[in-house]
Amino acid sequence: MVDLNINGEIRSYDVPDDMPLLWVLRDVAGLVGTKFGCGIAQCGACTVHVDGRPARSCVMSVSAVGNRQIRTIEAIGRDPVGQGVQKAWVDLDVVQCGYCQSGQIMSAVALLNVKREPSDADIDAAMAGNVCRCGTYPRIRAAIKTASKV
Amino acid sequence: MRRLGLTILAIVVVLAAAAAAFFFWPHGLTDVAEARSRLPTGADSVKRGEYLAKAADCAACHSVGSSRPYAGGLPFHLPFGTIYATNITPDRDTGIGQWSDAEFVRAMHHGVGRDGRDLYPAFPYASYALMSTEDALAIKDYLFSLTPVHAEAPPHQLKLPYDQSYLLRAWKLLFVPRQQFNPDPGQSTAQNRGAYLVEALGHCGECHTPRNKLYGLDSGQKFAGAVTAGWKAYNITSDATAGIGAWSDQALADYLSKGFAQGHGAASGSMAEAVEYSLSHLTPEDIKAMVAYLRTVPGHPAPHELAVAPSPRSLNDSTHLTPAPAENDQESLGLEVFQGACASCHGFDGTGVNDPRAALAGSQTVNDPTGVNLLQVLLQGSRFRTDHVEAAMPSFHAYRDVELAAVANYVLAHFGAKSAQISPDQVARARRGQ
Ligand code: FES
Ligand code: FES
Chain H
1 MVDLNINGEI RSYDVPDDMP LLWVLRDVAG LVGTKFGCGI AQCGACTVHV DGRPARSCVM
61 SVSAVGNRQI RTIEAIGRDP VGQGVQKAWV DLDVVQCGYC QSGQIMSAVA LLNVKREPSD
121 ADIDAAMAGN VCRCGTYPRI RAAIKTASKV
Chain L
1 MRRLGLTILA IVVVLAAAAA AFFFWPHGLT DVAEARSRLP TGADSVKRGE YLAKAADCAA
61 CHSVGSSRPY AGGLPFHLPF GTIYATNITP DRDTGIGQWS DAEFVRAMHH GVGRDGRDLY
121 PAFPYASYAL MSTEDALAIK DYLFSLTPVH AEAPPHQLKL PYDQSYLLRA WKLLFVPRQQ
181 FNPDPGQSTA QNRGAYLVEA LGHCGECHTP RNKLYGLDSG QKFAGAVTAG WKAYNITSDA
241 TAGIGAWSDQ ALADYLSKGF AQGHGAASGS MAEAVEYSLS HLTPEDIKAM VAYLRTVPGH
301 PAPHELAVAP SPRSLNDSTH LTPAPAENDQ ESLGLEVFQG ACASCHGFDG TGVNDPRAAL
361 AGSQTVNDPT GVNLLQVLLQ GSRFRTDHVE AAMPSFHAYR DVELAAVANY VLAHFGAKSA
421 QISPDQVARA RRGQ
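Going line by line, the protein sequences match chains H and L. Letter 24 of the first sequence, counting from 1, is numbered 24 in the numbering used here, and no numbers are missing. Letter 131 of the second sequence, counting from 1, is numbered 131 in the numbering used here, and no numbers are missing.
None of these hints come from the bench; they were simulated from the model.
Once the Cα atoms are required to be at most 20 Å apart in a straight line, the calculated SDA-like pairs of lysine to any residue come out as:
hint, chain 1, residue 1, chain 2, residue 2
1, L, Lys54, L, Pro69
2, L, Lys54, L, Arg385
3, L, Lys222, L, Ala246
4, H, Lys115, L, Thr351
5, H, Lys115, L, Asn328
6, L, Lys258, H, Gly66
7, L, Lys258, H, Gly39
8, H, Lys115, L, Ala326
Keep in mind it's a predicted model, so treat the numbers as computed, not measured.
With these hints in hand, go ahead and build the complete structure from the sequences.
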């Protein structure tokens, strides 16, 4: 049994210690907003927040998370920064197929939480690990800038 | 005068005969029936052998990638030519299917092939010589339980005189122990078990101990660190600055069994392979024993520039997603590349962003101004795998030499407080495997 704090709710999950967090989120907790892309920390589709910092849930075992707070895309609209990002994403119609976008949004919110008005270089630094096969990068950059101004 | 001439002739003849006997007298075989009788039979011995084969990391060299384990074929590029790992599956024609117990033990302890030829010490028999005969036989039982694979290893390509394998007999005389491991009564049981695992099975010294001019291990610098096959095996003596003296037991155990330790970074290259194929399969008690033994290896200091910087200002002034403000004000190609390609996983404050294994603070690789492993990791990437999780850093070889040199210098300055001068030329050489 492993206790996890997901989106503010602490629950026990009957999973092995070394199970990747992503599997627990999707297959056990039923939170399928977080996506599986590569499984080897290369694409960013599985990004969640662990104590506010972005983490690749596909390679993080539940035992490595411990009692830290996990936040997933399902709860990202609970605070103003998250809401701002959601709105910018909708206003600029960032999404194409959408598969990478949960991860993009998680990384974008994590960035805006440490840097309210990020430069292009800051955006590169924070977002380079989130791959988008549809190539929505220019709109992602623009949406982060829009969200930073509200 | 004539007497003197005859005496000299006699001496020459005797010496020549002695040399001929030394180099060409066929190797004998030791009877191992008694050791065999002490071993369990069947599945029990196979199981024991499997564990030992992992502890001895046979698979890392005798396989190409993870396909066809133990079927050989992996090339070793050495200063004197290229040799190929052999097939050690029980195939009768191309593997070891016809080897007797005595022949197998002779190979492990004395580096002699089934045909009586001397084997090259890329096969670490200078370490395996310390292995007990029973353990060697258990490994044989395990190998014989595998599915035979028909795969001929390519012939070695060695320059003269290194292709004259009988000359190895002189080398063996100098560098191969003549006795199996003997527990030291002055040490604890754990330390002795650790010594056996480290020296006889794990053959750690083959990479971590520098070699002398004759390519033997320089026992005066035991575990002081060396470059092998393009990767630096770091100093693992108990020296507090140069070695692992300041690491906690937990950190050492984590590094050995998981390939990374909080505050010391992650293993890559050959060490990551050793963890994947070998160390991660050992029991926690055996890992503890190895740690206990490593603590007893006398410290060997290293030049001050190689020491790990405890907490560079540049890290303290950064957040995980943004660099220290002072750095941001400068135009730097290295910072630019790092921002675009590295920061989203490694972050700027050394704690790692998306995965704890990406934490760079305290890692020896980003503190070594020669940049040996850093360039290897940039060019080849790095990989980590357990039964459940695989994580990888991609290769950045598509970047130009100037960019890789710049980002390497940036990383060494930012994470290791080192002023390094990696040149594009050095990157080009590393790219060519030089
Ligand atoms: S699925 Fe985790 S990074 Fe790709
Ligand atoms: S929107 Fe399709 S992968 Fe990013």
